[in-house]
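Using the sequences and the hints given, assemble the complete structure.
There are 2 protein chains.
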Amino acid sequence: MTRYRISVEYCGSGLVGWQRQANGPSVQQALEEAIHAFCGASPTVYGAGRTDAGVHALGQVAHFDIPGEPPPETVRDALNFHLRPAAISVVEAAKVDESFDARRSATGRRYLYRIFNRRAPPALLRGRVWHVAKPLDAAAMHEAAQVLVGRHDFSSFRASICQAKCPVKTLDLLSVMRKGEEIHLKAAARSFLHNQVRILAGTLKLVGEGKWTAADLSAALAAKDRAAAGPTAPPEGLYLAEVTYEASAFDGSGYTGDDKAERQI
Amino acid sequence: MTRYRISVEYCGSGLVGWQRQANGPSVQQALEEAIHAFCGASPTVYGAGRTDAGVHALGQVAHFDIPGEPPPETVRDALNFHLRPAAISVVEAAKVDESFDARRSATGRRYLYRIFNRRAPPALLRGRVWHVAKPLDAAAMHEAAQVLVGRHDFSSFRASICQAKCPVKTLDLLSVMRKGEEIHLKAAARSFLHNQVRILAGTLKLVGEGKWTAADLSAALAAKDRAAAGPTAPPEGLYLAEVTYEASAFDGSGYTGDDKAERQI
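For the record, the sequence lines run as chains A and B. Sequential numbering from 937 applies to the first sequence in my numbering. Sequential numbering from 937 applies to the second sequence in my numbering.
Identical copies look the same in the list; a pair holds intra-copy or inter-copy alike.
When the alpha-carbon atoms are kept at most 30 Å apart in a straight line, the in silico DSS-like pairs for lysine-lysine are as follows:
#1 Lys1070 - Lys1031
#2 Lys1031 - Lys1115
#3 Lys1122 - Lys1147
#4 Lys1160 - Lys1105
#5 Lys1105 - Lys1115
#6 Lys1147 - Lys1160
#7 Lys1115 - Lys1147
#8 Lys1147 - Lys1105
#9 Lys1160 - Lys1101
#10 Lys1070 - Lys1147
#11 Lys1101 - Lys1122
#12 Lys1122 - Lys1160
If you are wondering where the hints come from, they were derived from the structure by calculation, not from laboratory data. Please read these numbers as outputs of a predicted model, since none were measured by experiment.
Spelled out as structure tokens, the structure:
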């Protein structure tokens, strides 16, 4: 048996999310079926992050074990062949040590949230962005967001169904920047609570509208109550941009650690 | 009656193109139906460029006449309301003088052709780019492309069904630049022949692969024969990026002339 790590890109529209579910197509199921079609094996595919329905990925990472030792390029190309016509693409594949675990070995996750901020709705980016018609002040959003950076109890910013044992997380980065008609929110942490980035985006929108200040964000954080923060932003603006690992988790097979959020945007 | 100019963005996937046709949904028909739903009138909508099936637009321009004099913002918002759920969006609307004609008043057109150049197929950009798996040399493409700039008989680069009376056009700009995993080809001219940009893209791909040189491009141009140039690149990579007008064609209503090709990409 050989363990492979793959980097996966997908469009979340029409998918029930990463995890296999009875009620619709998932990324995990599509990958497992492609692996079976390729080599006849039926391994479980383990992902670094369980993205929800409608959420996209530029750099999801997963691992699985299959018999033999096919070249990684063959694995990548064969999976892409069998994944068609699903909007799921294996961007990279590499052999890794059996100690590598896509979820547990991860040292960081980066998310991108795209707000499309103009009066007219998007045509080409429908389902890929959150359309907010009223002008938002991205600079004010960025400045206020900094009160959330660091180690905090993020109970106000977690979904009620969140299964994490502890609501304390360290937010390493939370930046907001206008890029033409879009506003890009980037968040980096070792791990996130369920819906954390979407609730951050929905709450920072209130700041962008001038309804909330940094003090309101601090108060929401201190309340440790989901009702104290803003609404959950819709899934279609969210991208799992990158999952990072210690270099030692690999066998030296070309992982670059580039900011994948910059790709394709 | 008042004449309105609109700037329109659309995703060409699933559309038969700009022009109304019996065999499927077109941008022209969708706009005409939205105008009728808004105000009861049934004007013809005239576009600056007749994009083919599958071709996108970031900045198509059109005009039409309707009774009364509703504010342009109302026209824009009402058309967008009635256009739903089509992937067509009216980005700007303005009142213009009755001498304004979206097609005849245009002084320039800019197209963008997006090649997605990596081994793995696109997931998020499916239908929005031409996927070319083998690495292309964008710098070589750009350099060779310059032999095509200027006033030439582009008979080799026009579709056999092209209805233009004269095959001589002046290509003001033809640039090729790598942007991460994409290669962007930009072309600007007062007007283009049918499929000209797609044949330019398909032929420049041969240069990017190392199969053709600038001398081959020159020979293809000199042949004045469609068979002498390369294949027609697929429609899904092509975007009508911008249509330009003399400032005097407007009534001063805020047209900026920004390079719309830079938006949303």
